Amino acid sequence: MKGNPWLGLVLGLLTPLVLAGETGVAARVNGTEISNFRLDRHFADYLRIQGRQVGAIRSPLAYKRLKREALQQLIDKELLWQEAGRLGVRVSDEELDASLAEMKAAFPDTQGFARALGEAGFDEPGYREYLRHELAASRMLDLLADYPLPGDEDVNAAYQSLKPQLDPTLDEARARSLVRQYLIGQRVAESREQALEALREKGRVEVLVGL
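Residue numbers (our numbering): 939 to 1149.
Incorrect hints may have been included.
[Claimed, not checked] Below, computed lysine to any residue pairings styled on SDA-like, alpha-carbon distance capped at 25 angstroms:
(1) 1042 - 1071
(2) 1101 - 1111
(3) 1042 - 979
(4) 1002 - 1111
(5) 1140 - 1011
The set of hints was computed from the structure by calculation and includes no laboratory data.
Computed from a prediction, not measured in an experiment: that's the story for all the values here.
Turn these sequences into a full structure, and let the hints steer you where they fit.
Okay, here's the thing in C-alpha cells:
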C-alpha cells in the first residue's frame, strides 16, 4: 500500500467516527453527517501534527483557515470512504492486523496503547473499524490518483532548471535521482488533489458551520 496522506493523524489516534453525546452538525457528505464534536477533535489532532496549539493561534483569520482545512480533510475522507464502498475496495483483516501492530510498536507497552485509545474514545474493536475506514480511504485515493512517471526528458528539463539550487557537491547521477523523486512527489500531490476535486464535484457536500 502506498503512503497514507493522513498517516500522522492515524498514528495520533484520531477522532472516533461516532461518539455519544455529539451535538450539532458541521457538514453533510451525501447525507452522512460530520458532527461539530468530531470536527473539534479532529482539528485538535490536525494542529498537534503540525506542532501547533489552539491557544497559540492569535489571528482569527488563521484560526478559521486552519479549521476549514481540517473540515475539508474530514469531508475528503468521507468522500473516499463512500467511493471505496461503492467500488468494493476493502482492507483485509491481515492488513488491518499488520497496521495495528505497527501502531502498537510506537508505544512503550500495551497499556500505553490502550490508554491512548481510551483517551480518544475508543476500545480496540472500535478502533479497528476506524482504522479499516482510514486505510480503505487511503487505498481509494491511491487508486484514483493515477499519474505518469516522469521520463528522461522531464527529468533533464527539471534538472537544468533546478541545477543552480542543488548542492554543488552532489554528483550528477545523485542530483538527477533527487530531481526525479521531486517530480514524482509533485505528480503524486497534483494527481491526488485532482482525484479529490473530482469526488467533490460529483458529491453532495453541505458545509453547515461558518468558517
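Hints that the structure is at odds with (numbers, increasing): 4
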